[in-house]
Amino acid sequence: MTVKKRSDLAKTYDFKSWRDFTPMNTSLGTMLHNLTGSWRFIKPVYEDKVPACQNACPAGNDIEGWVRLLQEGKYDKAYWYLKREQPFPAILGRICFKFCEAACNRAVLDDCIGINELERFVGDQVALSTPHPDLPEYNGKGLAVIGSGPAGMSAAYYARLLGFKITIFEALPVMGGVLRVGIPNYRLPRDVVASEFEGLKNMGIELRPETAVGKDITLDELRNEYDYIFLATGVHTSMKLKLEGEDQSHQIMSGLGMLKKVALGEEIDPGKKVAVIGGGNTAIDAARTAIRLGSDVTVIYRRSESEMPAHPEEVEEAREEGVDFRFLAAPEKIELNDDGTIRNLVCCEMELGPPDESGRRRPIKKEGMLFDVKTDSIVTAIGEIPLFDYLNEIVRTENRTVAINECLEVDAKADDKARIFAGGDIIDMPHTVAHAVASGKRAAIAMDCDRKNVDFADTLKKIVIGDGPAISFSKYMGWDPVNPVSYNNHVVVDSKKIVYDYFSKALKLQKKIQGPDVRITSFKPFTSTLTLEDAQQEAARCIHCGRCTECDNCLIFCPDMSVLFKGNGQFGYTFDYDYCKGCGICFTECPRNSITMIEEESPVEED
Amino acid sequence: MKQVIKGNYAVSQGVKLCRVEVISAYPITPQTTIVEDLSEICARGEIDAKFIKVESEHSAMAAVAGSSSAGVRSFTATSGQGLLLMHEVLHWAAGARLPIVLANVNRAIGPGWNIWADQSDSLSQRDTGWVQIYCESNQEVLDSVIMAYRLAEKILLPVMLTYDAFFLSHTSEIVDIPEIEQVDTFLPPYNPEFKLDVDNPRMFGGMTGPDYYYEERYIIHKDALETLELYPKVCEEFKEKFSREYDICEEYQTDDAELIVVTAGTITSVTRIALDKLHEQGKKVGLMKIRMFRPLPVERWCKVLGNAAKVVVIDRNLTAGLGGVFANEIQAALYPLQNRPVIFPVIAGLGGRDVTPEDVENIINYALKNDQPTDIPLFWGLKE
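Protein chains in written order, with the numbering used here: chain A, 1 to 607; chain B, 1 to 384.
Same shape as in the complex, but just chain B:
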């Protein structure tokens, strides 16, 4: 059934469709309305789930780590500072192989206190071992929740979905909400081999010395890489059931593109508009939208970007002293290629500053005009 809903409700509807059994979260703008809606859904008995109120995000994450250890499908959501407070338990959840799904509304990190879109929060958690998926639209958000559980429970790794504050979280779009029975055919109940069981207690996360810790980490890495094989299959099955297509990354007009723009999140939509205008002018420019960022789809990126002469990476994030995280990772990913494209790293839209189609058009024109980037990175729209 099609409804006009905000991004946050796309999440809560997705969680409901997945028959999540434990939800624990702590309110933080702009995520709050997700858990607000979920708590009401629980209170109305529309979902057979336990909603655990907690006093912080650290506790929220710890609570779902606990419930997931007990073999129960679990969900949490947060944003910005809240995600940072979860940091310790994020590592634990991945290390313990708990298939938790977390929705993170990308919000800038303070100070200055800022509740607007910026991807620095989730990108600073890239080494926690979580699978990360970046979303562009409310439909994609809802569908990604459903696919996230399917992936997580198969590979036993937690999945973090992210999408931009306000541009998606508080903006209404048409979303096709599937029937729960249909979702049931896609997402079987979670029934792990190992779980907390009072009748047959096992030790979880116990002391693991130098003898075995190393192998354990290797297994996590190996399984994470397997995700890159698995996720396209999950997307394929999803397409069969729901007729909507997703992939590990999305390409737009890349086939004979001389220049490819790389984006993640809502800047992608803006870029599509700019590209259409540039195509009318006969310019051969394409787009690669990052969806999965961890594990890093190195091969796929090389395949998409390897034939372009230039790659523009627009980062709505900043790692101070280096530049944008996506640009940096793309540079590393493409390094083994013989004929590497010239990379134009651009920082834009930090802290929710608007990035318009004209901005993207101008950025592309700048890259087309120059053989090499003038600034690494280029701070687009900086008040000089």
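Isolated chain A, as found in the complex:
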């Protein structure tokens, strides 16, 4: 701040008579020379922060940014802005487990924002086959992506934006991995996945279906041909029940196998009664698939409902559709007829003991408490594991995962062949599509750092979002945030600093979903994308935590007139530190914590 000597500026008047006085008790001249900012020991600064939703998103989706564009009616812009951090809104907008909504600060007031549905709306605003409008020249490096699931797709998308020339290898005849053959059509329509691949293709990414690495081509061959390899082969093998007879009946199938067959259009007949073993999302998908095939379904799970790894919303919808749940029960023995059909599934009642390493209470058999389940077929969905044969021992694995470092680079012997990175379900990470997309982004940036010989750990420090581990592609690219103001991507909004008094209640839009009777008649999706009016209404509920909206509160409340418009059409305000006393009223009254108080480095000089 400018420090002027008061004695130079202040004038002194000496009144000889009462006749010289002004009627009001006021200084005769200006008081501008009195720089009250010199009293300050802390000062406010405008600092946009990471909203709770973005902090919670595994992919670091800048939700507040595109919600704002949505509010402004800039739908195309919102689409491309969203794709900066999460490239597949039409996919995740349908199937994401909504970490953002669980963290949404609006819930303190009434209910979270329906972010997932808004994301779907934004995803449907632009034809998915539209390539990114601003593609760079190729940087001369080639990348082979093995596996076309969400991790592979994401790595390919971001690596292309960084100039890599990319080929995606897929063992199956269809692209999309778990998105195509795992998640049922009613949750994620095939055409959405197919259109996304159209988009990737239109960005110049080569797609190689029906090319299984380890069979049609070896990893070593790829290592010779490409500069970088991204392993994203996912988990496609169901774990065994380890019961006698398990492999001797055509009526016993894995959940993944069943979903894949249905997805590829193969005929299957699970029979009238189906028992699904397991409590994860695959179990629920299999159960709801079997219901749609006309079976009566019972899900048998060894713990109780609250320990189920499946998403509660999915469980609820399955229940509405008529899926029965038998909790605290585990298969003990399979009795087969001579023709391979199932005579009896013997289960044992379980009880919950102390917590195990997963933090959930361990199921314990109740000795002798056996009961029979009459069923035509058994679907096993107690967990999935990867197949690593194709790695050919080039890459080190541990506990059924590929060992990786912070850059998602695998532990492989150092040579002059391609550097290998890995992501998605084969690394030690929660198995969700959002996490898979995050790993693809991270690997793409890590490969680019490697290409440019830049230290990834240093880069990471700059681009990590809030508490991490999500990282920002925008920040890496140096793209402007939605607000052209100082944005601190390291600081998460302090929810205690949100002033809810400034927001009025508005209930969350109720999800529009078809009734269960209609749902179970086909594999068609049973929800629809929000209408424009509904999307606008829901977007308007966002309180923009951590981000300035030019609400003028600071300007109105500042007792020192030290909050000034930037002017010239520029966004936001500036502080006049010559007069700001550091009282902190702007900070206290900012409804969304986009002002921060910082300590002055040293006392301001005074004459």
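One should not assume that every hint holds.
[Claimed, not checked] Covered stretches of chain B (chain A as the covering partner; in silico rule of three or more C-beta atoms under 8 Å from a C-beta of chain A):
1) 93-99
2) 215-226
3) 231-243
By construction, these hints were calculated from the structure, which means they are not laboratory data. Backbone N, C-alpha and C define an ideal beta-carbon position, used for all residues, glycine too.
Got chain A; can you put chain B on it based on the hints?
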């Protein structure tokens, strides 16, 4: 246009006609309907004013002190305990020379909790430096609001209008409401020489040491006395525009009166009835209605009351241990006279107790009968 309206709406209509720009008030019976009406007038956009909601009367007064400092015509209203809560800022507003207008509905001070007419609230604020005007009718209330701004902005002192709870605040009378364009010709926009200006900030109400504080207070006193000269001129101009006559105080049948009754507020109307009856009986009695009480019109009072043999002062207020405020001030004002009238101080109607024409008639007859007052003061109608 003539309308039948309550006293409180006479105020709100007056405020609207004056194009007040900031209104801040806190509700208190019997004043509430003033600000209720004003808030609705603001909400309907009938007046280009900011209505500031506050959490207390102290804040209401502080808010209008702020807006008035910024050079904006400002208004507030209150009553009883609310006025007492404003006390600190009342002093500030006068000392800072802020031409705020305040309507105070005279209400008794608790305990016992009492919402009825009694002038103790405003009289206890007589030393705050505010100009005080007491009103008798709803028409007078409306007209006084308009004249108050004219006076206040000329002399740079705040003006408090007062009128009795319920007898006026909640009683409907015919009121002639002038056209706003007509009021505009009487009341120019407020544009003070000194005001808060962010582009040219000045210090207001800053530290003023023994060197200058004394002179500053003298100036306030001098200007307050000037009000006594100015107000009759304002009334004269008002009469020219609106054909209604007001003065610093009002006289009724005082010319050859041997006894003059002094009243303020609605007891005046009751007294008029009593006087008419007494005149029929040939008794020479007159009336002086107090309008301006601060600054105190000493000269005028002496002129009106100096020739009477007896003066009866009816006080609807009480300063415990002394008596009625008006009687006390009249005694002080008349003291320099060579031939002072005999003063009969009477306390009547505290806490809204009804004072009828018969009461006033009897009070006057008591004073006519006795050479000297029997009690100082006489508590009229006390349950013995």
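Verification of the hints:
Coverage of the region 93-99 of chain B by chain A holds [criterion: at least 3 residues with CB-CB distance below 8 Å; count 3]. Only residues whose C-beta sits within less than 8 Å of a C-beta in chain A count toward coverage, and the region 215-226 of chain B has 5 of them, enough to reach three; the restraint holds. A stretch counts as covered by a chain when three or more of its residues have a beta carbon under 8 Å from one of that chain; for the region 231-243 of chain B and chain A the count is 0, and the coverage is violated.
Of the numbered hints stated above, the single one contradicted by the structure is hint 3.
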